[in-house]
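Chains P and F are the protein sequences, given in the same order.
Take the first sequence: its letter number 199 is residue 198 in numbering that gives the first Met the number 0, and every next letter is one higher.
Take the second sequence: its letter number 152 is residue 151 in numbering that gives the first Met the number 0, and every next letter is one higher.
No lab work stands behind these hints: they were computed from the structure.
The model shown is predicted, which means the values in this text are computed figures rather than measured ones.
Among the hints, a few may not be true.
For chains that are exact copies, the list does not tell them apart, and a pair is met inside one copy or across any two.
Said to hold, decoys possible - Below are the SDA-like pairs computed for lysine to any residue, each with C-alpha atoms no more than 25 Å apart in a straight line:
id	residue 1	residue 2
1	Lys298	Asp27
2	Lys350	Pro129
3	Lys350	Pro162
4	Lys298	Gly325
5	Lys298	Gln209
6	Lys350	Ala116
7	Lys298	Arg206
8	Lys350	Glu69
9	Lys221	Asp179
10	Lys221	Thr239
11	Lys298	Ser85
There are 2 protein chains.
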Amino acid sequence: MNYAGRIARLRAATGVSGRTAFVVTRLDSVAYFCGFTGSFGDLVVADDRAVLATDGRYALRARTEPVGVEAYIGWQGRELLPEVLSSLGFRFPATALIEAEGLPLPRWERLQRCCPAGWMLEACAGLVDPMRAVKDADEIALLRKACAITDAAWCDVQPELAPGRTERSIARRIAELQLDHGADEWAHLIVASGPNAAMPHHTPTDRVLQGGDLLKVDIGAKYGGYCSDLTRTVIIGEPTDLQCRMYDAVYRGQMAACAAMRAGATGEGVDRAARSIIREAGFGDYYTHNLGHGLGRVKEPPHIVAGSVFEAGNVVTIEPGVYIEGVGGVRIEDLGVVTDAGFERLSLAPKPPSLAGPGAI
Amino acid sequence: MNYAGRIARLRAATGVSGRTAFVVTRLDSVAYFCGFTGSFGDLVVADDRAVLATDGRYALRARTEPVGVEAYIGWQGRELLPEVLSSLGFRFPATALIEAEGLPLPRWERLQRCCPAGWMLEACAGLVDPMRAVKDADEIALLRKACAITDAAWCDVQPELAPGRTERSIARRIAELQLDHGADEWAHLIVASGPNAAMPHHTPTDRVLQGGDLLKVDIGAKYGGYCSDLTRTVIIGEPTDLQCRMYDAVYRGQMAACAAMRAGATGEGVDRAARSIIREAGFGDYYTHNLGHGLGRVKEPPHIVAGSVFEAGNVVTIEPGVYIEGVGGVRIEDLGVVTDAGFERLSLAPKPPSLAGPGAI
Numbered sequence: 000m001n002y003a004g005r006i007a008r009l010r011a012a013t014g015v016s017g018r019t020a021f022v023v024t025r026l027d028s029v030a031y032f033c034g035f036t037g038s039f040g041d042l043v044v045a046d047d048r049a050v051l052a053t054d055g056r057y058a059l060r061a062r063t064e065p066v067g068v069e070a071y072i073g074w075q076g077r078e079l080l081p082e083v084l085s086s087l088g089f090r091f092p093a094t095a096l097i098e099a100e101g102l103p104l105p106r107w108e109r110l111q112r113c114c115p116a117g118w119m120l121e122a123c124a125g126l127v128d129p130m131r132a133v134k135d136a137d138e139i140a141l142l143r144k145a146c147a148i149t150d151a152a153w154c155d156v157q158p159e160l161a162p163g164r165t166e167r168s169i170a171r172r173i174a175e176l177q178l179d180h181g182a183d184e185w186a187h188l189i190v191a192s193g194p195n196a197a198m199p200h201h202t203p204t205d206r207v208l209q210g211g212d213l214l215k216v217d218i219g220a221k222y223g224g225y226c227s228d229l230t231r232t233v234i235i236g237e238p239t240d241l242q243c244r245m246y247d248a249v250y251r252g253q254m255a256a257c258a259a260m261r262a263g264a265t266g267e268g269v270d271r272a273a274r275s276i277i278r279e280a281g282f283g284d285y286y287t288h289n290l291g292h293g294l295g296r297v298k299e300p301p302h303i304v305a306g307s308v309f310e311a312g313n314v315v316t317i318e319p320g321v322y323i324e325g326v327g328g329v330r331i332e333d334l335g336v337v338t339d340a341g342f343e344r345l346s347l348a349p350k351p352p353s354l355a356g357p358g359a360i
Numbered sequence: 000m001n002y003a004g005r006i007a008r009l010r011a012a013t014g015v016s017g018r019t020a021f022v023v024t025r026l027d028s029v030a031y032f033c034g035f036t037g038s039f040g041d042l043v044v045a046d047d048r049a050v051l052a053t054d055g056r057y058a059l060r061a062r063t064e065p066v067g068v069e070a071y072i073g074w075q076g077r078e079l080l081p082e083v084l085s086s087l088g089f090r091f092p093a094t095a096l097i098e099a100e101g102l103p104l105p106r107w108e109r110l111q112r113c114c115p116a117g118w119m120l121e122a123c124a125g126l127v128d129p130m131r132a133v134k135d136a137d138e139i140a141l142l143r144k145a146c147a148i149t150d151a152a153w154c155d156v157q158p159e160l161a162p163g164r165t166e167r168s169i170a171r172r173i174a175e176l177q178l179d180h181g182a183d184e185w186a187h188l189i190v191a192s193g194p195n196a197a198m199p200h201h202t203p204t205d206r207v208l209q210g211g212d213l214l215k216v217d218i219g220a221k222y223g224g225y226c227s228d229l230t231r232t233v234i235i236g237e238p239t240d241l242q243c244r245m246y247d248a249v250y251r252g253q254m255a256a257c258a259a260m261r262a263g264a265t266g267e268g269v270d271r272a273a274r275s276i277i278r279e280a281g282f283g284d285y286y287t288h289n290l291g292h293g294l295g296r297v298k299e300p301p302h303i304v305a306g307s308v309f310e311a312g313n314v315v316t317i318e319p320g321v322y323i324e325g326v327g328g329v330r331i332e333d334l335g336v337v338t339d340a341g342f343e344r345l346s347l348a349p350k351p352p353s354l355a356g357p358g359a360i
């Protein structure tokens with residue numbers, strides 16, 4: 000990972016200088032800038048130094064894991080930023096710009112109370128996200144591997160999807176398969192069958208699969224800190240006409256949105272590509288969420304919403320769905336990279352064009 | 000779960016009235032007050048109504064899962080609180096008190112910009128935590144079950160802890176065993192061997208266990224939304240004198256802290272009980288973290304820090320440790336309930352009094 004390059008870009012983007020430091024407060028941002036993966040820490044970036052402030056639980060890890068930064072180890076539970084700022088030897092008046100997205104209001108108020116004399120604190124939103132939204136080659140390689148793991152697990156589990164299995168047992172099997180294929184851990188496991196598939200987000204239960212169920216599986220793995228995200232929907236047994244029409248609308252909408260995505264496309268435009276097809280098929284009222292979201296270490300910008308304009312290097316999901324209470328639901332989701340030419344899918348699991356046709360179970 | 004009782008206590012504690020509503024913003028607090036387990040939602044508690052505001056991904060779940068509250072379904076990604084407040088039909092001027100702990104600064108600023116006319120917003124910290132810190136019988140039953148799951152997994156895995164196994168394979172096996180014993184999912188898995196055990200928090204690696212390793216295992220399960228947390232340290236093969244002395248200091252310190260814990264005890268007092276023993280044994284500089292923390296749905300107050308005064312019904316970990324770079328580390332941790340008489344352990348896994356003695360591997 001080119002951590003030095005990332006920190007250099009952060010310095011340039013935030014105006015770090017001899018009188019101004021930037022404080023990275025979100026753990027996933029800290030990991031992005033220096034590779035530290037502990038559960039507590041701020042990264043303080045000055046013009047000539049970068050200091051990771053954490054506590055004794057991570058004393059050793061903070062000296063071995065992060066790249067290009069010094070470690071400052073304080074006592075657990077204490078607000079360390081004043082100590083670190085005081086240790087930095089800035090010329091006053093000096094300013095600390097603080098990544099606002101990771102700042103719970105009580106911490107912000109506490110910081111203002113205990114800030115060392117001579118320091119100005121300024122909470123800044125929207126400085127780090129634009130950097131993280133454009134993935135570099137190292138990140139795309141990790142995302143590609145995470146997707147390959149999830150694709151392989153999905154392919155492996157398909158022959159086991161049959162009446163008698165519970166949602167929970169399928170989720171567990173997919174978790175195991177993802178680990179077998181090299182995942183560090185699993186990221187999320189939605190296995191929703193029959194009427195439960197009408198819930199876009201569902202927690203697996205002991206419900207037993209039955210013939211005629213739509214089975215919607217939305218899964219992800221973590222690899223090297225990066226997440227995959229894949230949804231496929233299959234039918235257990237024979238589909239009804241309504242189920243086929245739901246699938247067909249979602250499939251065509253998802254393909255149209257993938258085709259519409261490219262650098263320069265807008266959130267409205269890509270969303271409309273999917274939503275208009277689903278609406279014309281008569282399911283507009285049953286497609287009740289956004290088209291997709293950015294993904295990297297966590298869900299992160301850009302999301303496919305009004306106002307977004309996509310750039311090459313953005314990594315997003317495209318995942319329309321149709322959900323009908325009492326019937327079930329269909330969602331199809333791929334993760335991919337926005338390019339100048341289009342949308343390069345990272346999710347390569349087979350995506351049958353029809354619920355009952357070739358490629359279906 | 001007595002959700003109605005919890006909401007009634009919240010109303011009383013926060014001064015909810017015909018002109019004042021309280022907005023629960025942390026997802027784990029929302030789950031505590033109404034049982035909703037989705038990944039997005041606020042609970043708005045007025046004097047005669049309580050409304051769960053979430054988005055279309057949870058439309059169906061919000062009508063079926065939470066108890067005693069109405070559902071308000073808005074569009075994903077939108078700030079819903081203004082719409083919900085406007086729908087509540089309050090007499091003006093009206094106030095919304097907002098749980099501050101769950102409020103990232105950018106959301107707080109957005110809320111202030113888009114708050115409907117006639118509403119005053121006030122961010123309030125420290126109102127919900129004191130309620131959640133005293134567990135009721137339903138919660139303690141869930142915590143007891145979570146601990147029993149983890150205890151059983153630990154007992155099952157012990158015969159497998161031998162040279163040749165990797166940290167990662169042991170972590171995975173413990174995850175499986177916890178699921179086998181009924182866990183909904185695993186909460187955390189620290190498996191740290193040999194020099195890695197010198198890291199209080201460590202992520203399992205492919206390091207292979209060797210004779211003479213200290214093996215520190217800190218694991219937890221989730222059951223019904225509640226977490227267990229157990230640490231045991233064993234020796235692979237024969238311990239050295241230094242390893243035995245480290246274990247002995249931690250064991251006696253942990254037992255002394257358990258003996259000191261009761262309603263009315265202070266954070267300083269309970270901490271001193273363990274720390275003084277470890278210091279007298281010569282390891283004071285190697286015990287580099289707090290004694291323990293509260294636990295429930297997440298890590299939550301009261302923590303064992305200066306200023307804490309414990310009450311009956313608090314659930315905390317007691318987990319001193321000694322960590323020496325190049326040698327390894329020892330930590331022993333139990334979860335338990337504070338009572339008027341003392342500390343009732345919920346973690347019941349065997350806790351051998353010596354690294355090499357009876358009960359050791």
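Now for the hints, and whether the structure bears them out:
{"no.": "1", "hint": "Lys298 <-> Asp27", "in the structure": "both (11 Å within a copy, 19 Å between copies)"}
{"no.": "2", "hint": "Lys350 <-> Pro129", "in the structure": "neither (31 Å within a copy, 50 Å between copies)"}
{"no.": "3", "hint": "Lys350 <-> Pro162", "in the structure": "within (22 Å within a copy, 44 Å between copies)"}
{"no.": "4", "hint": "Lys298 <-> Gly325", "in the structure": "neither (30 Å within a copy, 38 Å between copies)"}
{"no.": "5", "hint": "Lys298 <-> Gln209", "in the structure": "neither (33 Å within a copy, 39 Å between copies)"}
{"no.": "6", "hint": "Lys350 <-> Ala116", "in the structure": "neither (60 Å within a copy, 49 Å between copies)"}
{"no.": "7", "hint": "Lys298 <-> Arg206", "in the structure": "neither (29 Å within a copy, 31 Å between copies)"}
{"no.": "8", "hint": "Lys350 <-> Glu69", "in the structure": "neither (47 Å within a copy, 38 Å between copies)"}
{"no.": "9", "hint": "Lys221 <-> Asp179", "in the structure": "both (13 Å within a copy, 23 Å between copies)"}
{"no.": "10", "hint": "Lys221 <-> Thr239", "in the structure": "neither (36 Å within a copy, 38 Å between copies)"}
{"no.": "11", "hint": "Lys298 <-> Ser85", "in the structure": "neither (34 Å within a copy, 30 Å between copies)"}
Comparing the model with each numbered hint stated earlier shows that hints 2, 4, 5, 6, 7, 8, 10 and 11 do not hold.
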